[in-house]
Amino acid sequence: MKNLFLLFVVAAMVTATFISCEILDPGEPGQLVPLTVDEDPSLPSISVNGTQLHAETFGNPNNPMIVVLHGGPGGDYRGQLKCSKFSEDGFFVVFYDQRGSGLSRRHSKEVYTSVQLFIDDLDAVIKYYRRRPDQKVILMGHSWGAMLATAYVNDHPGEVSGVVLSEPGGFTWNDTKGYMNRIMSLELFDETSNDFVYLDQILTGNDHNMLDYKAGLQAAADFARGNKAGNAGSSPFWRMGAICKAASFEHARARPFDFTTNLHQYTTKVLFAYSELNEAYGKAHAELVSSAYPNVQLVEISGTGHEIPYFGWDRFYPIAKTYLNSIK
Amino acid sequence: MKRLLTVLTIVLAMAEAGYSQNINWRSLREDQPNVVQLNVGYDFGVTSQVSYARTFDLVRPALLGVDFSFPMGSNLLDDFKVRLGGQVEVVEFHGFSATIKISSVFRRYQTELVRIVSFGSDFAVLAGYYTPTWSVGGEFGFDKSITSQIKNSEIMRAYFPGIKDGWYLPTGGHYYFGIQGGKTIGESLDLSLRLGATNAQFNDENAVLPLYLQLGLGMRF
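Those sequence lines, one after another, are chains A and B. Residues 1 to 328 in the working numbering are what the first sequence spells out, letter by letter. Residues 329 to 549 in the working numbering are what the second sequence spells out, letter by letter.
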């Protein structure tokens, strides 16, 4: 009888607690993750290739154009905004969140049928901003963005005047997989690994709001103490694109890619940066990956990990500026 | 109405009693009503678990208990799971047996980006063959994270100032199904094994590693 009374008291206390609380719906837009461009018209955007992309530009639109490509798939360009400084050096700098990522419009998994979709989006972004046919186009990609830049060069070797790459995973699925296995390996007794998977029992979902939020939380692994990527902390982001990321990886596993088939035609010098502190990358992997290009300037950016455009900016900027001025 | 349903769901979940302890009903003895188990394995992370239960007879053999589990890592107490509940053998026929397990589940999770506390429930059905010295069976269950209080860190707030802390409902759930077996050693020790797969509820995206594995050593006294 005493136990029954105790149970009743506990149930009453819990009921009172919850009655006094506002119950929130994790699927409701704008609560756990920011709205996307199709949900918030005040955000800067462009409509190209059947989607709506979060995009902004810096500098004179008649200057040589630098298109900045973020990592992921599923990341966004917030951590690369320091690159807007190149607009002060006579460049027109274009940023956009790739399809299904950052603050760009979301799509269902079925849409992500091929890497070609991202290449076509990039082509559409270039065409959208390009003022005249002889305006130079330079691609500046980080991580997956550097892979996408290379995929574009492989498809359109005659249309790119320069390429700045920082730590692309690989230009073939095999090289990329090798790098991913090193940087994302789950370690049984490690706090970061267990934090990553433990969340799966608390948050599940099939809508973009919940999944993007969860992907953002799991990104804590990227900057946790002792992370292999060598990141000193968290680099800013707006919103992860969980479906885009999952679908892209699924597709890559099912249909391995090779972005190197035409790279021998691209004889312009490419600036290829890798970080000093990323344990999973290093000079050996940088040499392996960059060897697909015939003409490479390989540089190590000291004092930073994988997030070169954010944490390594002070050392990256002068090197990139020298390279950019040489092809201007 | 939505709030009323919410409250009812939570109260029901809290009132449930459940457990994930591996029990061989046929090896239990009246003079050993207490069961302590130590388990290690994979349960959304490499986890250790300690549990206590007390057996008793209602109309059918039953058990009430509590368990505490936590994942490995440098900080052992920032994430954990507590289950309070019980199980009852509902059918027994020539060694074949069916058991229902119901539990309430409290979870805590913390990283540099968020702190989450979550209330949920776990319902499972087991069926198998039990002898006094060994058992083998299968299980099917549903573990629901009904509501979670999410408190985002300053980092998350800096990235998205509009982010809302509070109680979110619902937040997740998954089915699990697998096999389990046990072997009695001597008068009071039991070894047990659970092995199976998980599948996220409805059309939710699945876990990174949708598996579970539990090795256990139990002592009756």
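Any given hint could turn out to be false.
[Said to hold, decoys possible] Computed footprint of chain B on chain A, listed as stretches where at least three residues anywhere in the stretch have a Cβ under 8 Å from a Cβ of chain B:
| hint | stretch |
| --- | --- |
| 1 | 29 to 40 |
| 2 | 197 to 204 |
| 3 | 212 to 222 |
| 4 | 233 to 243 |
| 5 | 261 to 273 |
[Said to hold, decoys possible] The calculated lysine-lysine pairs, modelled on DSBU-like cross-linking and capped at a C-alpha distance of 30 Å, are:
| hint | chain 1 | residue 1 | chain 2 | residue 2 |
| --- | --- | --- | --- | --- |
| 6 | B | Lys511 | A | Lys109 |
| 7 | B | Lys492 | A | Lys82 |
| 8 | A | Lys136 | A | Lys85 |
| 9 | A | Lys328 | A | Lys177 |
| 10 | A | Lys136 | A | Lys82 |
| 11 | A | Lys136 | A | Lys321 |
[As the list claims (entries may be wrong)] Partial list, computed: chain A residues near chain B (C-beta under 8 Å):
| hint | residue |
| --- | --- |
| 12 | Asp175 |
| 13 | Asn194 |
| 14 | Leu288 |
Worth flagging that the hints you see were computed from the coordinates, not collected in a lab. Virtual Cβ for every residue (Gly too), placed ideally from N, Cα, C.
Status of each hint after checking the structure:
With 5 residues having a beta carbon nearer than 8 Å to a beta carbon of chain B, the stretch 29 to 40 of chain A meets the requirement of three or more and the stated coverage holds. Closer than 8 Å: that is the beta-carbon criterion, and the stretch 197 to 204 of chain A has 8 residues meeting it against chain B, so the requirement of 3 holds. Check on the stretch 212 to 222 of chain A: 4 of its residues sit with their Cβ under 8 Å from a Cβ of chain B, so the three-residue criterion for coverage holds. Counting residues of the stretch 233 to 243 of chain A whose C-beta lies closer than 8 Å to any C-beta of chain B gives 6; at least three are required, and the coverage claim holds.
With 0 residues carrying a beta carbon less than 8 Å from a beta carbon of chain B, the stretch 261 to 273 of chain A misses the three-residue requirement, and the given coverage is violated. A C-alpha spacing of about 46 Å is found between Lys511(B) and Lys109(A), which places the hinted pair above 30 Å, so the restraint is violated. Of the pairs offered as hints, the one joining Lys492(B) and Lys82(A) holds, with about 28 Å between alpha carbons and a cut-off of 30 Å not exceeded. Straight-line distance between C-alpha atoms of Lys136(A) and Lys85(A) comes to about 18 Å, which keeps the hinted pair within the 30 Å bound.
With a C-alpha separation of about 35 Å, the suggested pairing of Lys328(A) with Lys177(A) is violated against the 30 Å cut-off. Of the supplied pair hints, the one linking Lys136(A) and Lys82(A) holds, its CA atoms being roughly 21 Å apart against a limit of 30 Å. The straight-line distance between the Cα atoms of Lys136(A) and Lys321(A) is roughly 16 Å, inside the 30 Å bound, and the hint therefore holds. The criterion of a C-beta within 8 Å of any C-beta in chain B is not met by Asp175(A), whose closest approach is roughly 23 Å, and the hint is violated.
Nearest Cβ of chain B to the Cβ of Asn194(A): about 4 Å, under the 8 Å cut. The hint holds. Evaluation of the Leu288(A) hint against chain B yields a violated restraint, the C-beta minimum of about 28 Å exceeding 8 Å.
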